[in-house]
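Number of protein chains: 2
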Amino acid sequence: MGFVSVLNFTQQLIQKRLQPGEIAIDATVGTGADLVFLARLAKTRGRVYGFDVQQAALDQARERLDREREADDGPDRRSRKAGAKLASVELLLRSHAEMAEALPPDCRGRVGAVMFNLGYLPGAEDSRVMTTPASTLPALEAALSLLRPKGILTAVLYPAHDGGGVEAAAVERWASELPGAQARVISYRQPQRPAAPYLIAVEKV
Amino acid sequence: MGFVSVLNFTQQLIQKRLQPGEIAIDATVGTGADLVFLARLAKTRGRVYGFDVQQAALDQARERLDREREADDGPDRRSRKAGAKLASVELLLRSHAEMAEALPPDCRGRVGAVMFNLGYLPGAEDSRVMTTPASTLPALEAALSLLRPKGILTAVLYPAHDGGGVEAAAVERWASELPGAQARVISYRQPQRPAAPYLIAVEKV
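Top to bottom, those sequences are chains A and B.
When you line the first sequence up against the UniProt record's numbering, it's residues 1 to 205, in that order.
When you line the second sequence up against the UniProt record's numbering, it's residues 1 to 205, in that order.
A couple of the hints might just be wrong.
Calculated lysine-lysine pairs in the BS3-like style (CA-CA distance at most 30 Å, straight line) [said to hold, decoys possible]: (1) B/Lys43 x A/Lys85; (2) B/Lys150 x B/Lys43; (3) B/Lys16 x A/Lys150; (4) B/Lys150 x A/Lys85.
None of these hints come from the bench; they were simulated from the model.
Please take these sequences and the hints and turn them into a complete structure.
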């Protein structure tokens, strides 16, 4: 049957925890795949905040989101996903390191899930724009402060690209040093493929 | 909700793959917990082979198995687990490194699952008796040769005890070097607890 991929495993962890009506954060919007995934889980009464430092990313994500909404609302009943209406989504052209200040105060301690998918924007004109530990580590701290108890933070790490190995190691060290009274951490990876993306997941206690 | 423990995650992987009527192997019987787990999954028409180099381990496992069978067959209907009759079990006082020779030839390429739970027998008089790479690595090779396509081999590694770290590293290296055409490998661990048990799982292609 095959082991589930790192991305599927990440989604399964989120799916089991994020409830309809909750707040979720996509810390690295990119082309918007995680954003749509979170908006489907949080459903109509939920809220999703998306962060990216590139306008091109937010534009792509907005288009993707609009297509999803059209499919939900369209006249073709077969394309409607019953009860799966999307949460409201707010996109912010800001560094994820600022997420604690950027969100309304009522989010603190109430966020169900935060997803990080590190590295650079696929297909971007300037692939030198990428996440680095200088902003990623404060962003992880901010994300953890926003989570509710039992809320989850996932980080998919890309050790293969330039600087990605350093960033992955920094994230893994940060997570491994979290006190057990504050959070639990697991990793899921493919030992045959040390350069492949892998997951660090953090559940707030 | 909490992440599933390494032992639960291991059992989930096996449970999804091992089918009623199949053959399974407990490569490190110990007190028999995995043995009973496998016998329940393989059910009445299945077969489970258990290996251990210590008679004390096999004795404990046999007792545990007998208790389980009594509970299944007993007059108290509440204690019966419907349809969960145990597979036939054969216990072998031999090194798991010899499993390919020790099993009937009809097992080759037909085994659904092999479980390794490395280290020493809990509560044993002589805790110097423990698995080592010298026998563990040939045992893993033998196990892989016995598995059917999509069959699974799990190894729970104990880096904390004397020699356990060396053994864990050896197993991890063995698994990480398996060609992708032969097998897929994942690891599941707790980065906050580098000395805690962790899982290497191998699915035959």
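Going down the list of hints, with the structure as the test:
1. B/Lys43 x A/Lys85: Given pair B/Lys43, A/Lys85 is violated - Cα atoms ~44 Å apart, limit 30 Å.
2. B/Lys150 x B/Lys43: Roughly 19 Å between the alpha carbons, so the hint for B/Lys150 and B/Lys43 holds.
3. B/Lys16 x A/Lys150: holds (26 Å)
4. B/Lys150 x A/Lys85: violated (38 Å)
Taken one by one, the earlier hints fail for this structure at numbers 1 and 4, listed in ascending order.
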